[in-house]
Amino acid sequence: MIPAAVGYVRADSAEAAVAALGEHGDEAKLLAGGQSLIPLMRLRLARPSVLVDMGRAEDLRGISVDGDTVSIGALTSHSALEHSVELAAACPLLAHVASQVGDPAVRHRGTLGGSLAHADPASDLPAAVLALGGTLVATGPGGSREIAASDFFTGFLESALASDEVLTTVHLPVSTGGWAYQKFNRRAQDWAIVGVAVAEGGAGVSLVNMGSTPLRAAAVEAAVAGGAGASDAAAVAADGTEPPTDNNADGAYREHLVRVLTERALVAAGA
Amino acid sequence: MEVSVTVNGQVRTADVEPRTLLAHFLRDDLGLTGTNIGCDTSSCGACTVLVDGRSAKSCTMLAVQADGADVTTIEGLAGEDGLHPMQQAFHECHALQCGYCTPGMVMAAVSLVDEYSDLDADGVREGLEGNLCRCTGYQNIVKAVLAASE
Ligand SMILES: Cc1cc2nc3c(=O)[nH]c(=O)nc-3n(C[C@H](O)[C@H](O)[C@H](O)COP(=O)(O)OP(=O)(O)OC[C@H]3O[C@@H](n4cnc5c(N)ncnc54)[C@H](O)[C@@H]3O)c2cc1C
Ligand code: FES
Ligand code: FES
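Those sequence lines, one after another, are chains U and B. Numbering-wise (our numbering), the first sequence opens with residue 1 and increments by one. Numbering-wise (our numbering), the second sequence opens with residue 1 and increments by one.
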């Protein structure tokens, strides 16, 4: 299907994107890689009045490591994360998770910032950023502010970003301790039915598609911190979650899956 | 909106609505109907083209996003001296039946071989997971891509 008629402006820097959002109001939408927004527009589930195309904002692209912090521009593609030698050394969990998103064509165009701002509980990268304890930088008309990843996802497809804010940078601590990502799906290129990301040998654990937002598995993290083995820690993985029921699985099956996947991920991460 | 896209080495300029998908721009404005459209959900890959050398689903990209970019479609793959090695390998390995998926499959495969070194059969299957074929059962497609990657 063809999207509904829409206005279009190009914003080739973060500053231009903020200005364009301010000018065009609440119904304007940022366009990054378009790999979530364009499918929604084709189904007419999204009908923005104006697209603010920030796809050429080179100031928002790139990965740098400074001391113990990794900084990634919001417009950095999944494919750039997947192939980055610096990221493989400083934060291998994120590089690996990026390689598990969709298919190569989606990874060439889709961006880290777009994946986070879209805030889909079934997406891979938000869970990785949560497990790693990332910090997101949002820039609006009044300047920039930092939002902890654990405060960023506020509801199904909803984030803490205001409608006139642009997500510009993601900061992550360098993280080379034991890590793993378990993504369970049954169709090629599909989203996870359930996924589990583990950072730093179990100090950070997060869950994909186990509720209306990506979730941090606090009970598992506490169990690992308290010295529990992988199997005992994984037993509490579904605690406090309200997993969805859909065509792929019902909630009870997801609760079973998340315990199995958490145990596998903890073992792989050396917990 | 006026867009100017280098398609198969030629600069093509047209006036398009912002909502025009790249796939429709290629097919309807430029008459390049080798790029097929097989779904409404960005899942089949029949529309795959190269944008600045890397595979992209042209149904999941707006023509305005391609302004200034270099796009290669299946029509632009063969050179002076005949078929591109990937096209030749598809021909020799009998990697197509009805042919509907083939343009997208070939473009995705060209990008895949360029992006990943040391591909084995599993790597090819994973790398082409965004391209669906209803006819071949994939066996000969994997064979062709491996043959062309050598
Ligand atoms: C076939 C297919 C398979 C996929 N499979 C997976 C998968 O397995 N796992 C997975 O995680 N994802 C998957 N995806 C989604 C993909 O990862 C998207 O790339 C990603 O979700 C969105 O990034 P984008 O840059 O394309 O954002 P866009 O589609 O451009 O934007 C998405 C939303 O975020 C907003 N936005 C974008 N950038 C910013 C910013 N910098 N600041 C503020 N708001 C912003 C937009 O306004 C829009 O609302 C798949 C997509 C497709 C088409
Ligand atoms: S037409 Fe099916 S993915 Fe583009
Ligand atoms: S050859 Fe018919 S769909 Fe692939």
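None of these hints come from the bench; they were simulated from the model. Built from N, CA and C at the ideal position, the CB exists for glycine as well. Treat the hints with care, since some could be wrong.
Where chain B lies over chain U, by a calculated footprint (3+ residues, C-beta under 8 Å) [as the list claims (entries may be wrong)]:
(1) 27-36
(2) 58-64
(3) 98-110
(4) 248-254
With the Cβ distance kept under 7 Å, some of the chain B side facing chain U (calculated, not the full set) [said to hold, decoys possible]:
(5) Pro18
(6) Leu30
(7) Ala56
(8) Gln65
(9) Gln88
(10) Gly130
One side of the interface only, derived from the structure: several residues of chain B facing chain U at Cβ under 10 Å [claimed, not checked]:
(11) Leu77
(12) Glu126
(13) Thr136
(14) Gly137
* Quick one: see if chain B covers the stretch 98-110 of chain U, three-plus residues with Cβ-Cβ under 8 Å. => Contact hint for the stretch 98-110 of chain U vs chain B: holds, 7 residues under 8 Å.
* Asked: Any CB of chain U closer than 10 Å to the CB of B:Leu77?
  -> With Cβ-Cβ at 16 Å, over 10 Å, it is violated.
* Asked: Can the hint on B:Ala56 be confirmed by a CB-to-CB distance to chain U that is less than 7 Å?
  -> holds (5 Å)
* Does the CB of B:Gly137 sit less than 10 Å away from some CB of chain U? -> At about 14 Å, which exceeds the 10 Å cut-off, the nearest Cβ of chain U leaves the hint on B:Gly137 violated.
* Quick check: the stretch 27-36 of chain U, covered by chain B? Criterion 3+ residues, Cβ under 8 Å. -> holds (count 3)
* **When the least beta-carbon distance from B:Leu30 to chain U is tested against 7 Å, hint result** => Cβ of B:Leu30 sits 17 Å from chain U, so the hint is violated.
* Should the hint that B:Glu126 touches chain U count as held when the rule is a Cβ pair under 10 Å? -> holds (8 Å)
* Against chain U, is B:Gln65 within 7 Å by beta-carbon distance? -> holds (6 Å)
* When the nearest CB of chain U is found for B:Pro18, is that gap smaller than 7 Å? -> holds (3 Å)
* To do: Go check the stretch 248-254 of chain U versus chain B for me, would you? Three or more residues, Cβ under 8 Å, otherwise it fails.
  => violated (count 0)
* 8 Å C-beta criterion, at least three residues: is the stretch 58-64 of chain U covered by chain B -> violated (count 0)
* Could you check if B:Thr136 really has its C-beta closer than 10 Å to a C-beta on chain U? => B:Thr136 check fails; min Cβ-Cβ to chain U is 15 Å, beyond 10 Å.
Of the hints listed earlier, those the structure fails to meet are numbers 2, 4, 6, 9, 11, 13 and 14, in rising order.
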